[in-house]
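*Asks:* Make a model of the complete structure from these sequences and hints.
Offset between the sequence shown (1-based) and the numbering used here: plus 1.
Take the hints with a grain of salt, since some may be wrong.
[To be verified] Now the in silico label distances, taken between C-beta atoms and shown as ranges:
#1 Asp345 - Val40: 47 to 53 Å
#2 Gln316 - Gly366: 33 to 39 Å
#3 Glu308 - Ala213: 31 to 37 Å
#4 Lys348 - Asn32: 50 to 56 Å
#5 Asp363 - Met67: 36 to 42 Å
#6 Ser198 - Pro108: 23 to 29 Å
#7 Glu270 - Met67: 53 to 59 Å
#8 Ala355 - Ile392: 18 to 24 Å
#9 Glu25 - Lys268: 26 to 32 Å
Keep in mind the hints are simulated off the structure, nothing from the lab. Just so you know, even glycine gets a beta-carbon here, dropped at the ideal spot from N, CA and C.
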Amino acid sequence: MVLPISVEDVKREVKILKALTGHENVVQFYNAFEDDSYVYIAMELCEGGELLDRILAKKESRYTEMDAAVVVRQMLRVVAECHLQGMVHRDLKPENFLFKSTREDSPLKATDFGLSDFIKPGRKFHDIVGSAYYVAPEVLKRKSGPESDVWSIGVITYILLCGRRPFWDKTEDGIFREVLRNKPDFSCKPWPMISNSAKDFVKKLLVKDPLARLTAAQALSHTWVREGGNAPEIPIDISVLGNMRQFVRYSRLKQFALRALASTLNKEELADLRDQFDAIDVDKNGAISLEEMREALAKDLPWELKESRVLEIVQAIDSNTDGMVDFSEFVAATLHVHQLEEHDSGKWQEKSQAAFEKFDIDRDGYITPDEIRLHTGLKGSVDPLLEEADIDKDGKISLPEFRRLLRTASFSPKTCPSVYRSTRNLKL
2 MVLPISVEDV
12 KREVKILKAL
22 TGHENVVQFY
32 NAFEDDSYVY
42 IAMELCEGGE
52 LLDRILAKKE
62 SRYTEMDAAV
72 VVRQMLRVVA
82 ECHLQGMVHR
92 DLKPENFLFK
102 STREDSPLKA
112 TDFGLSDFIK
122 PGRKFHDIVG
132 SAYYVAPEVL
142 KRKSGPESDV
152 WSIGVITYIL
162 LCGRRPFWDK
172 TEDGIFREVL
182 RNKPDFSCKP
192 WPMISNSAKD
202 FVKKLLVKDP
212 LARLTAAQAL
222 SHTWVREGGN
232 APEIPIDISV
242 LGNMRQFVRY
252 SRLKQFALRA
262 LASTLNKEEL
272 ADLRDQFDAI
282 DVDKNGAISL
292 EEMREALAKD
302 LPWELKESRV
312 LEIVQAIDSN
322 TDGMVDFSEF
332 VAATLHVHQL
342 EEHDSGKWQE
352 KSQAAFEKFD
362 IDRDGYITPD
372 EIRLHTGLKG
382 SVDPLLEEAD
392 IDKDGKISLP
402 EFRRLLRTAS
412 FSPKTCPSVY
422 RSTRNLKL
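*Replies:* The following block contains the structure:
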């Protein structure tokens with residue numbers, strides 16, 4: 002007997018496979034057939050075995066850093082493409098990656114999209130699915146999104162580099178406790194011999210706060226992944242597109258504050274955003290046109306923006322009103338403020354204070370209405386802008402209030418309902 006839910010699962014998997022057809026790191030879908038009892042899915046033959054088998058066959062069951070980076074880069078390309086198309090894999094693990102052939106340099110192919118699902122912007126999954134060792138903390142808390150895939154890649158990378166799981170216990174419940182409460186160990190061998198760049202990469206993927214975790218596209222821009230071979234073609238980051246859409250909804254004061262913060266960051270700190278800017282700037286003239294912005298936003302498939310909205314976004318970001326978005330304007334609109342604070346609190350303190358001082362002209366520790374007008378060039382009353390940031394209502398903005406302004410958006414996102422999936426039991 003074929004249950005209705007299983008039919009829907011298969012239909013969804015086929016739809017996802019069709020959408021990803023042509024990606025070099027996804028097992029190719031050829032066709033689907035059905036009879037009275039079964040559905041048959043014809044897919045590409047991969048003769049190189051599972052990634053898990055290759056890990057176990059390696060000396061000490063681990064990869065060299067360079068070989069690991071090559072593998073991780075291919076996995077991230079799949080995840081970034083899935084997220085751009087509004088999909089989440091939800092069950093990434095070494096067993097679900099196959100090698101096309103037995104050759105050492107065989108391409109890696111993602112497979113088994115049976116638990117994968119489509120997700121609309123801003124929504125969360127509220128069911129627990131996946132494999133225990135690779136499941137993200139937010140999945141166990143029943144409020145997960147695309148970020149959970151990146152966590153799973155972090156777990157796989159940890160295993161590739163040291164041959165051990167970052168979270169282990171004899172029971173499933175014990176594994177879940179480890180995932181929720183503990184941090185991965187980077188003190189035991191071979192971690193002292195592994196590069197700081199590799200450790201930094203893994204740590205930024207295994208951040209328990211999903212908002213502070215690197216996105217798949219950001220991870221592809223990380224130095225360690227680049228050092229594993231030629232820099233990959235960077236896909237457009239859904240979080241960058243999302244930040245640009247949100248920038249329009251921020252108050253004028255917050256937009257100016259973000260521009261000030263953006264101006265304090267150096268080339269190295271902006272490497273991932275430079276990659277994103279270059280990916281959108283198709284004609285490579287150093288500025289993003291309205292047409293280039295339209296093409297970039299159209300790639301985020303779950304969103305269907307009207308032409309007027311694209312123009313509104315460009316006009317909000319384009320602070321010098323020349324009709325184009327240059328790199329500094331782009332950075333202000335796409336900064337991951339939460340990541341900056343969570344990854345390096347010392348740097349956050351330093352950069353946010355430097356941004357504050359761009360407003361605080363007399364260096365008395367406060368931003369006054371006159372200083373807002375001087376910095377922004379705005380005319381007339383700025384009281385409505387001041388009101389948003391002036392929490393204690395003393396008529397001026399302190400450094401803590403300024404930092405709060407940078408952290409928080411000036412709108413409240415709607416609480417979104419759960420995503421159309423039934424709860425499944427975890428499988429090991």
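*Asks:* Would you mind marking each hint as holding or not holding in the structure?
*Replies:* Do the hints match the structure? See the list:
| no. | hint | verdict |
| --- | --- | --- |
| 1 | Asp345 - Val40: 47 to 53 Å | 50 Å, holds |
| 2 | Gln316 - Gly366: 33 to 39 Å | 34 Å, holds |
| 3 | Glu308 - Ala213: 31 to 37 Å | 34 Å, holds |
| 4 | Lys348 - Asn32: 50 to 56 Å | 52 Å, holds |
| 5 | Asp363 - Met67: 36 to 42 Å | 54 Å, violated |
| 6 | Ser198 - Pro108: 23 to 29 Å | 24 Å, holds |
| 7 | Glu270 - Met67: 53 to 59 Å | 25 Å, violated |
| 8 | Ala355 - Ile392: 18 to 24 Å | 21 Å, holds |
| 9 | Glu25 - Lys268: 26 to 32 Å | 31 Å, holds |
The structure is inconsistent with the numbered hints 5, 7, although it conforms to all the rest.
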